[in-house]
Amino acid sequence: MSSVAFVIIAILTLAAALAAATLQKLMHAALSFAATLVGVAALFFLLGAEFVGLVLIFVYIGAVAVLIVFTILLTRRDVGKDRGANWTGALLATGVFGGLIWAILKTQSVAIVAPHMRSISVKRIGEALMTSYVWPLQCVGLLLTAALIGALVLVMEEKR
Amino acid sequence: MTPTLQVVLVVSTALFSAGLLAALSRRHAIFILIGIEMMLAAANLNFIAFWRFSPQPQPPTGVMIVIFSIAIAAAEAAVGLALVIAVYRHYRTTSVDHFDQLKG
Amino acid sequence: MIDHLWLIPAVPFAASLVILSLPNRRRTSAATLAVAGQIGALAMSVFAFLSTLQAPGLRTVQNFTWFTFGDNALRLGWLLDPLAAAMLMMITLVGFCIFVFSKGYMAGDKNFVRFFAYLSFFSGAMLGLVISNSLLLLFICWELVGLASYLLIGFWIERPSAAAAAKKAFITTRIGDMGFFLGLLWLYGRSGTLLFYDGGNGCLESAGLAMLGATVTSIALLIFCGAMGKSGQFPLHVWLPDAMEGPTPVSALIHAATMVAAGVFLVARVYPIFSLGAINGVTSSLIVVVWIGVTTALMAAVIAIAQADIKRILAYSTVSQLGLMMVSLGVGGVAAGIMHLLAHGFFKSLLFLGSGSVIHGCHGEQDIRKMGGLRRLMPITFSTYAIGMMALSGVPLFFSGGWTKEEILHVTAHWPVSRLPYFLLLIGVVLTALYMTRQIIYVFFGDRHAGSQHAHESSRVMTLPLIVLAISAISFSVVLTPAWPWLHDYLTDESAHFAFPRLIQPTLFLSLVLVGMGFALGIWIYRKAGVQDRGRAAETDPLEFAQPKLFRFLENKMWIDELYARTVIAFSWMSARFSDWMDRNFWDRLVRGFGGIGQQFGILTASVDERGINAGVDETSVGTRGLGRLMSAAHSGQIQTYLGVIAIGLLALLLFYAWLA
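Residue numbers (the working numbering), protein chains in the order written: chain A, 1 to 160; chain B, 161 to 264; chain C, 265 to 925.
Think of the hints as simulated: they come from the structure by calculation, not from any bench.
Computed from a prediction, not measured in an experiment: that's the story for all the values here.
C-beta: ideal position from N, C-alpha, C; glycine also.
Among these hints, one or two may not hold up.
[Claimed, not checked] Stretch by stretch, here's where chain B covers chain A in the computed footprint (C-beta under 8 Å, at least three residues):
#	segment
1	33-40
2	49-62
[Claimed, not checked] Covered by chain C, per the in silico footprint, the following chain B stretches (three or more residues, Cβ under 8 Å):
#	segment
3	176-185
4	256-262
Work out the full structure: start from the sequences and follow the hints.
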């Protein structure tokens, strides 16, 4: 894979992430978030997990980001602005970042190059889902059902 | 130069930190959720990276995990947003500074 | 025989125990049992006596260990020697006669069974006293005999005078016993043993005596205190006349023949202690014995002249005779003293039983001034009484008392220290004859008075013992004559031989003269006793008429009892009251003070608990609450704070892992 493309996409993604974290205007921050997710999906493509990247686009951007925008619109009584980063948060985030980077750089075993590999086919994923991962599949189904019902219950109007 | 695993990991760490920053410093409840989603996305990136850079990437283990992770993240985001709406209805505000009922 | 010697006291003891378990209506069984016990003891005493005849001065001993403590052992033992054998014979024989007499005398009493139980108990204790080889065993039997005396003096418990007399007897002898016990302890301390004869190691044998050294006089005098109490020597004689409150058989057995003889016996038994280091047969302890004996003999004889109770005359007579025996022992005539003891046992008990017969015949009257003319009404009693009286007065030749008194005067005359006791004893002989004559005249001669109007002779069960004792009083003299001094030599471990010329001695004539003088004096003074004469009433004693003040003094026993009441008893009362005051006010306050301390301590503990511990606990809980409040302040309720803390935790964990690596 091309490292140049990788680096560019990475930088764009990170810029969008930072924007999402710090922008004052709510809609701008939400849309930056969506852009971050696009970047992540592109990275997935680069890493050879095309299916997951597409799933990410579908689910995250298509559903979650839209959902967020809708909720912003629904809770608009507040001012359209939000404060950005404050010092405590920045400090902590920087600290965690530093710590993790140090850990990564210290580890020798991750200084490796990607082996050559063919892309994984959707067929294979489907087979795996139906055979080895059938139980987690069922559980996730159950979870999604529960989340659906839960969300509905939560936003239901209270009966007087 | 081909990106090493380290580089990919650095990227995902940066993404994670950005998400943490958002979660820690934002006032709007929704943006804390956005921060959480970004941290989840960074973690998924980690999984894919490790799967891709592993010596025998034939079994699609990393991919499967990420698929499930995304599904769960979606469910969690839905519930979380429902929560925010419910709370907004009660308090007429989404600023987390006001959500201190558990103050002991 | 020595192996079975312990049976002699054991049989009467056992009889006593069995009688105690009998119900009150079984009178015949009780009397039979007691008499049977006494006969058994008598038979065995005869055996014992015969076994001592095998060789002159034969002494057999059997010692046994009572208990051990550490390395030492307390040993007791039985002893059979001529002295013990002679005493056994006298006690069992006299006891037997008195037991038989009691069956008749106490026939009307409702506590008949108890009486015989006590009598048997006394008999067993007295026999044990005589054959013991250990001073401790002797002391034990001594105390038992004292107990029996107390029980028997106060036999008629419903009479306050009897109870008081019993108490007086016990306490007075206790004073003597205290000295005895101290002497006993001292002796044990110095010589290490209380056995008399122990194969050379006994305290009466040379090895033991050598360890006593200079303390021997003090020990002897302390032991003599016990003898003084028991044998009624001055100044501890006051209990004996009062002891006449008991029934007459008791007076006969205990206070004439046996128990009071125990004191004399004790001195004879431990004579080696008294006579250790004697120069010419004289030691300081023996000198004390002589003077006390002489004082007692003379004083009691003088008081006896002025007494009106028939038994009290005999009681003072006993005291006087005991004094005489003590004098004899003191001057060195041990055998003479013991012989007089044995003879005295026979004739004094005869006299007491005779007086009992008189009292019984006069239906309980005891005042001699109210009796008279009983000579014809009670002939057997009169004749036996007369025999006893002559034996006591010391008529020689046929009467045992005469020979023994003879012997005593003989020994006293040769005392190197002083001739005074001899002369005083001579006066005593005259006085003895005098008061006995007085008594006989008042009781048996003259006209009948109030008490003797309806008198009658006693039944055979009472007169037979009188006859037996009278015969023995006479026949005993056979072995006592100087012509054949069998008993004397038996007691002094010599072999006797017959020598007629010794019968004639100068002192024999002297005593004949003195006794005759006494009789004549008595008859002359009292010939008209009980009869109205020269303005004197019938009840007034001629001497009282002649010398009223002196008579009053003697009649009231020289006011000795009153002196004791003012001094010793008053002192006891004071000490008792003082002790009571101390106890109430001092010790009681002290104890309450200690209690108060305990109380204060309790209050202190309570306050510590209240203010210290409780407060501590309260403070702790307050502190915990404060701490809790502090910690809850950390709960801001803000989500982002929590998230931030999680992030810090993550950092910390990272660093920890990095440090581990």
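How the hints compare with the structure:
1. 33-40: Result for this restraint: holds, n = 4.
2. 49-62: holds (count 7)
3. 176-185: Since three or more residues must qualify, the claim that chain C covers the segment 176-185 of chain B holds, with 4 doing so at under 8 Å.
4. 256-262: Per the Cβ count (6), the hint holds.
In this structure, none of the earlier numbered hints is contradicted; all agree with it.
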